[in-house]
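*Asks:* Top line first, the protein sequences correspond to chains A and B. Numbered according to the numbering used here, the first sequence spans residues 2 to 434. Numbered according to the numbering used here, the second sequence spans residues 112 to 588.
Don't read these hints as lab results, they were simulated from the structure. Treat the hints with caution; some may be incorrect.
Heads up, simulated DSBU-like pairs for lysine-lysine below, C-alpha to C-alpha not over 30 Å straight-line [what the hints assert, rightly or not]:
(1) B:K465 with A:K151
(2) B:K422 with B:K465
(3) A:K48 with B:K465
(4) A:K68 with B:K465
(5) A:K68 with A:K48
(6) A:K151 with A:K48
(7) A:K282 with A:K151
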Amino acid sequence: MTTPSIGFTDERLPNGLRVIVAEEHLAPVAAVCIWYNVGSKHEVEGKTGFAHLFEHVMFQGSRHVAKTEHMSLVQAAGGTMNGTTWLDRTNYFETMPSHQLELALWLEADRMATLLDALNQANLDNQREVVKNEKRSSYDNRPYGQWFHKLQAHVFPAPHPYNHPTIGSMEDLDAASIDDVAAFFCTYYAPNNAVLAIAGDVDPAQTRAWVERYFGSIPANPAIPPLGDLSLPPTLGGEVREVVEDRVPLARHYFGFRAPPFGDPRSDALELAAQILAGGKGSRLYRRLVRDDRVAQDVAFFSLGLIGGASIVVGQATVRPGVALDVVERAYEDELERLGREPVTDDELARARALIETYELEALQRVDERADRLAMYATLLDDPDMINRQLDRYLAVTAADIQAVAAEFLRPDNRVVLTYVPAAENESEDTAA
Amino acid sequence: MTLEEILAWRPSSGLPRAYQFPGFERAILPSGMQVLAVHLPGRPLVAANLIVRQGASDEPAPVGGVTVLAARALTEGTERYPGLELIEASERLGATLHAEASWDAFSASVDVAAPRLRAALELLAELVVHPTFPEEDVARLRDERLNDLLQARAEPRRRVEQAFAASIYTSDSPYARPAAGDEDTVRQLGRDQVTRIHRAVLDPAQTALVVGGDLSGLDLPGMAADVFGALGAAPEGRRDGATVTVPLARSSIDRTIVRVYNRPGSVQSEVRIGHIGLRRSVPDFHAVQVMAAILGGLFNSRLQMNLREEKGYTYGVGAGFEMRRGAGPFAVRTAVHTAVTVPAIAESLAELRKIRDTRVTDAELAAARDFLVGVFPLRFETPGAVVAALGGLFVHSLPDDELARYRRLVEAVTVEDVQTAARDHIDPERVAIVVVGDADAIARDLEAAAFGELDIVREEVGAEADDLADAAEGEAE
Chain A
2 MTTPSIGFTD ERLPNGLRVI VAEEHLAPVA AVCIWYNVGS KHEVEGKTGF AHLFEHVMFQ
62 GSRHVAKTEH MSLVQAAGGT MNGTTWLDRT NYFETMPSHQ LELALWLEAD RMATLLDALN
122 QANLDNQREV VKNEKRSSYD NRPYGQWFHK LQAHVFPAPH PYNHPTIGSM EDLDAASIDD
182 VAAFFCTYYA PNNAVLAIAG DVDPAQTRAW VERYFGSIPA NPAIPPLGDL SLPPTLGGEV
242 REVVEDRVPL ARHYFGFRAP PFGDPRSDAL ELAAQILAGG KGSRLYRRLV RDDRVAQDVA
302 FFSLGLIGGA SIVVGQATVR PGVALDVVER AYEDELERLG REPVTDDELA RARALIETYE
362 LEALQRVDER ADRLAMYATL LDDPDMINRQ LDRYLAVTAA DIQAVAAEFL RPDNRVVLTY
422 VPAAENESED TAA
Chain B
112 MTLEEILAWR PSSGLPRAYQ FPGFERAILP SGMQVLAVHL PGRPLVAANL IVRQGASDEP
172 APVGGVTVLA ARALTEGTER YPGLELIEAS ERLGATLHAE ASWDAFSASV DVAAPRLRAA
232 LELLAELVVH PTFPEEDVAR LRDERLNDLL QARAEPRRRV EQAFAASIYT SDSPYARPAA
292 GDEDTVRQLG RDQVTRIHRA VLDPAQTALV VGGDLSGLDL PGMAADVFGA LGAAPEGRRD
352 GATVTVPLAR SSIDRTIVRV YNRPGSVQSE VRIGHIGLRR SVPDFHAVQV MAAILGGLFN
412 SRLQMNLREE KGYTYGVGAG FEMRRGAGPF AVRTAVHTAV TVPAIAESLA ELRKIRDTRV
472 TDAELAAARD FLVGVFPLRF ETPGAVVAAL GGLFVHSLPD DELARYRRLV EAVTVEDVQT
532 AARDHIDPER VAIVVVGDAD AIARDLEAAA FGELDIVREE VGAEADDLAD AAEGEAE
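Let the sequences and hints guide you as you build the complete structure.
*Replies:* Structural data, given as C-alpha cells:
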C-alpha cells in the first residue's frame with residue numbers, strides 16, 4: 002500500500018496564529034480544527050476542571066453570536082462540530098460542506114476575539130450544571146467510573162499537573178467565577194497560543210485570505226506564562242497497588258505504566274507492542290486470557306501519548322466469575338514481561354504492521370481526522386509533517402525495538418495495579434455466602 | 112477595516128459543489144445472491160460487507176440470542192483455517208474480519224486495500240460458509256454473554272434500555288428482550304442451536320455482498336461468483352425462499368406507567384420515556400426525520416434547549432425513533448441529576464405534547480431540514496459509510512433511488528407534515544416512563560407528580576448476580 006502523502010502549507014500570521022491548510026478534493030467537505038495550547042495541566046490547585054468548563058463556555062456565544070447559536074449556524078449549514086479538553090490541550094472543530102467553510106472560520110474567529118462580550122453569570126451557572134451532570138454521567142454514576150482518575154494520580158504523583166482529572170472536582174467547579182473565566186480567556190485564548198488546521202475541499206489562496214481577514218487582527222498575548230518543569234523520572238521506581246470496592250459484578254484489574262513522552266521513537270515500538278498484546282482476537286493477551294485459559298472476560302492495552310514529561314500506558318483485564326484475582330493478574334503480567342524477555346515472532350510483527358497500516362490509512366481518509374492530526378502534531382511536537390512520517394515510523398519498528406521498550410517500561414517497578422472488586426454491600430450476599 | 116467591522120459581517124455561503132449519492136451497480140449471481148458494487152475513485156481502502164436479511168427478530172423465542180451468538184462464533188475457525196488461523200490469515204492482509212447480527216440482519220465485513228480484496232473476500236466467504244463452531248468456543252462465547260448481562264445490569268445506561276424495551280413490548284414480541292438474548296435463553300445455547308441457525312439464515316436469495324471503494328480494474332461480479340459460489344448449494348435446514356417477515360411488535364401499555372428500578376445512592380437518574388415507534392417502511396419517513404430532529408435530534412433540539420441549555424438538568428437529552436423491519440421503540444433518552452428527576456420528566460412530557468399541539472416555526476423547520484440536507488455529503492465521505500447505507504437499503508428492501516432522492520423528499524417536508532407526523536406517531540398520554548435511580552430519593556416526588564401508575568422494582572441485584580455467576584461458571588467448566 003502507499004504511505005500517505007498529505008500536502009499542506011504551514012505559516013504564521015503576524016499575530017502568531019499558526020495556519021495549516023491541506024487541500025484535497027475527493028469529497029465536497031472541509032474540516033476546520035483549532036487547537037489551543039492549554040489543557041487541564043495548566044490548572045492550579047483549587048481550580049481543577051476549569052479548562053473543560055471553559056470549553057463549554059466557548060459555545061455560549063460571543064459578540065456577534067448568541068448563546069448556542071454556534072451550533073445552530075453550523076448545523077443549519079449542514080455541518081457538525083464539537084470541542085474536547087484533555088491534559089495537554091483543548092480543541093474545537095467543525096466539519097462543513099465545503100461551500101460553508103467561511104462560516105466556520107468566522108465563528109472560530111469571533112469567539113477567539115470577542116468571547117468575553119457574551120459572558121454572563123447565567124450562562125456560566127448553566128454550563129456549570131451541565132458539566133457537573135457530565136461528570137456524573139461519565140464517571141460518578143458508572144461502574145468502574147473513576148479508574149482513569151485513579152491511575153493518573155498514581156502514574157503522575159502530585160504536584161505534577163497530570164495528577165488531577167480533566168473533569169475536575171465538584172467543589173472546584175462550584176467555585177469557578179466569572180473572573181476566572183475572563184482571566185483564563187485573556188491568558189490562553191490568544192492567536193499565538195493556537196494552531197488552525199483546515200483540510201479538504203478548499204481553495205488554499207481563498208482560505209488563507211479568509212483566515213487573514215477574520216483572525217489577522219486579533220491581538221496576540223505576549224505574556225503567556227510558561228508551564229514549569231514537568232519532567233519526571235522515566236519510571237515509577239516501585240510498584241503501586243490499590244484495591245477499590247465498587248458496585249461492579251465482575252472484578253477488573255487496571256494496569257498503568259509510565260512511558261516515554263509523545264513523539265519519542267520508543268512510543269512507536271509501544272504502539273506495535275499494544276497491537277501484538279491486545280489488538281483483536283489474534284493478540285497475545287486475548288488468546289491466552291480470554292480464549293485459551295478462559296479466565297478473563299475481556300482485555301485491553303493501549304497508550305495515551307502526552308508531552309508533559311511522560312505518557313501513560315493503560316491495561317485492563319476483567320476477571321471472569323469464580324476465577325481468582327491473582328490468576329488473571331499473573332497471566333496478564335507474565336505476557337507483558339515475556340515481551341521484554343524474548344523477541345516477538347516475524348509473523349506477529351508482520352501482522353501488527355499490516356493492521357496498523359490499514360488503521361492509519363483508514364483514519365486519514367476523513368478530512369476531520371487530517372485536520373485534527375495536523376493541528377495535533379503542530380501543537381504537541383511543532384512538526385505537522387509527522388502526519389506523513391508516522392506510518393513509516395511504525396513500519397520501521399523491529400522485534401528488538403519492541404523487546405527493548407517492553408523491558409524498559411512494562412516492568413513491575415513501573416507498574417500500577419488497580420483492582421476493582423464487587424462491594425459486599427447488601428444482606429443477600431451474606432446469606433448467599 | 113477594524114476587527115469589529117470585519118466580524119460584524121456574517122459570511123454567506125459559497126456555491127455548493129454538486130453532490131449525488133454515489134451510483135452503484137447490481138449483479139445477481141446464479142444462486143440469487145446480489146452483488147452491489149460502488150466505485151469510489153481515489154479510495155484505495157475497500158469496504159466489503161456480506162449481509163443477510165435474517166436477524167435476531169427472526170429467531171425462535173426459546174433460543175433468543177442465538178443469531179448474535181452465531182455471528183460472534185463465526186470467527187472461531189473454519190474447516191480450512193481451524194482456530195485462530197482464519198484471524199491470522201486476515202491480519203496478514205492487514206484486514207480485520209468482523210461478524211455481527213442485529214435485529215434485522217446477519218453480516219460479516221472486512222476493510223482491505225484494493226489489491227488484496229480478492230484474498231480478503233475468500234476469507235470472508237470461508238468464514239460465512241464454512242465455520243466449524245467448535246463446541247468449547249461456542250460455550251465460551253455464551254458464557255461471555257452471560258457475564259456481559261451481569262455487567263449490563265450494573266451499568267445504569269444499559270439497564271434502563273433493557274427495562275424500557277421490556278416495559279413497552281408484550282413478552283411475545285421479540286423486541287421485548289435484548290437482541291443478544293437474556294439470561295434464560297442464552298444459558299441454553301450451544302453448538303447445536305448455533306449450527307442450526309447458521310444453516311437457516313444463509314439463503315442466497317436474502318443475501319447481498321456490498322463492496323465500495325476504488326474498484327478500477329476489478330471484475331467484482333466475477334470475483335463474487337468465484338468466491339461465493341459455495342453459497343449456491345443449499346444445505347439441509349435452510350429457510351430457502353423464506354420471505355422477509357415483519358416481526359411482531361405489540362404494545363404492553365394502554366396508559367402511562369412509571370417504573371423505577373432501584374439503584375441506591377445513584378447520583379443521577381437514567382430516564383427513558385416513550386412507547387413503540389415505527390417500522391423503517393413508514394410512508395412519512397422523511398417528515399418523521401425532520402420532526403424527530405426538531406424534538407430531540409439536533410444539538411439545539413427543543414429537548415436540549417429546555418433540559419440542558421435552560422435548566423442545566425443534564426449533560427444531554429435526545430429523542431428519536433429506532434426504525435427496524437418491525438416497529439422499533441420511540442424514546443426520549445437522558446440522564447439527569449437525581450434531585451431534578453421529576454421536573455425533567457415533566458418537561459420532557461411537555462415537549463412531547465407541544466410538538467403535537469402547536470406547529471413548529473418556519474425557522475425550526477428550516478434548521479432541521481437544512482441540517483439533514485446539508486450534512487448528507489458528510490455522512491458518506493468514506494467507503495465504509497457508503498457500504499453501510501447500501502446495506503440498509505437491501506435489508507429494508509428499499510428502492511434503489513432511496514438515497515438519491517432523500518434530500519429532495521426532506522426539502523419537501525412542511526410544518527403541517529411535521530405536526531401530522533408528531534400527532535400520528537407520538538402519544539404522550541400513553542408512555543412508559545422508566546427510571547434507573549435511587550428510589551428512596553425520588554419515589555415520593557414521583558408519587559406526587561402522578562404521571563401514571565408507579566411501580567418500584569427493588570430487586571436484589573447482588574443476589575441475582577451471584578446466581579448467574581455460579582451458573583455461568585458451572586457451565587463453563
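*Asks:* Any of the earlier hints contradicted here, and which numbers?
*Replies:* 1 and 3
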